[in-house]
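K.L.:
Here is what each chain is made of, one letter per residue.
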Amino acid sequence: GAVVSQHPSRVICKSGTSVKIECRSLDFQATTMFWYRQFPKQSLMLMATSNEGSKATYEQGVEKDKFLINHASLTLSTLTVTSAHPEDSSFYICSASYRAYGNEQFFGPGTRLTVL
Amino acid sequence: KQEVTQIPAALSVPEGENLVLNCSFTDSAIYNLQWFRQDPGKGLTSLLLIQSSQREQTSGRLNASLDKSSGRSTLYIAASQPGDSATYLCAVHDTNKLIFGTGTLLAVQP
Numbered sequence: 001g002a003v004v005s006q007h008p009s010r011v012i013c014k015s016g017t018s019v020k021i022e023c024r025s026l027d028f029q030a031t032t033m034f035w036y037r038q039f040p041k042q043s044l045m046l047m048a049t050s051n052e053g054s055k056a057t058y059e060q061g062v063e064k065d066k067f068l069i070n071h072a073s074l075t076l077s078t079l080t081v082t083s084a085h086p087e088d089s090s091f092y093i094c095s096a097s098y099r100a101y102g103n104e105q106f107f108g109p110g111t112r113l114t115v116l
Numbered sequence: 001k002q003e004v005t006q007i008p009a010a011l012s013v014p015e016g017e018n019l020v021l022n023c024s025f026t027d028s029a030i031y032n033l034q035w036f037r038q039d040p041g042k043g044l045t046s047l048l049l050i051q052s053s054q055r056e057q058t059s060g061r062l063n064a065s066l067d068k069s070s071g072r073s074t075l076y077i078a079a080s081q082p083g084d085s086a087t088y089l090c091a092v093h094d095t096n097k098l099i100f101g102t103g104t105l106l107a108v109q110p
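Top line first, the protein sequences correspond to chains A and B.
So for the first sequence, this note's numbering puts the first residue at 1; every next one is plus one.
So for the second sequence, this note's numbering puts the first residue at 1; every next one is plus one.
I should point out that these hints are in silico values taken from the structure, not numbers from a laboratory.
Don't take every hint at face value.
[Stated by the list, open to error] Taking lysine to any residue and the SDA-like style, the derived pairs with C-alpha atoms no more than 20 Å apart in a straight line are:
| hint | chain 1 | residue 1 | chain 2 | residue 2 |
| --- | --- | --- | --- | --- |
| 1 | B | 42 | A | 6 |
| 2 | B | 97 | A | 46 |
| 3 | B | 97 | A | 78 |
| 4 | A | 41 | B | 10 |
| 5 | A | 41 | B | 86 |
| 6 | B | 97 | A | 99 |
| 7 | B | 97 | A | 45 |
| 8 | B | 97 | A | 59 |
Could you build the full structure based on these sequences and the hints that come with them?
P.N.:
What follows is the structure, given as structure tokens:
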């Protein structure tokens, strides 16, 4: 149980385009979802926390107009990177938690974004 | 502000050795601490979760300890194997957030 998927696993786009990444909890209803970013050889940095049906809470230094997060249902959250630039190239990982599981987060496999 | 540090940053050992990875955190007011494994280009695999009231957790060849008062956790890997080669991350649950450490890149030589 507690499986989280991400789609796509890998995406390459041109500078200036927008890219949407999906995060789904497959066998549980996620009350909270988290988005992380990981640069090469670095650790995970939390970008934002989203609760179903409400606006995401962004970490300091993360541009909310650049990284749009939607958590429309208990099993789906999306991260849209708007007007992507090469510096947005990174590994994006989502996680999901459910109250009944305490505050343990279950992680997706990640999405590799490359902006040309 | 919670900060999590892992030492060493990289470690190379011959197969069969026992090894210890270290994790330290600055604020002892944590809910729990979790150890993860990450293979290159992949997501995270949860290894062990230690609740703040616990002192250790074991799973197979892995044993994780937690000393909240000193802000330290260790991950002990017994009889290491080449398949254990990966980056190991510790993370502390701070309110509703996970704060990740800097990671230890482990290479087990056959």
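K.L.:
Each of the hints needs a verdict: does it hold here or not?
P.N.:
Here's how the hints hold up against the structure:
1. B:42 - A:6: Status holds; Cα separation ~12 Å.
2. B:97 - A:46: holds, 8 Å
3. B:97 - A:78: At roughly 19 Å apart (the allowed maximum being 20 Å), residue 78 of chain A and residue 97 of chain B satisfy the hint.
4. A:41 - B:10: holds, 11 Å
5. A:41 - B:86: holds, 12 Å
6. B:97 - A:99: This hinted pair holds, its Cα atoms lying about 14 Å apart.
7. B:97 - A:45: Roughly 11 Å separates the two Cα atoms, so the pair holds.
8. B:97 - A:59: holds, 11 Å
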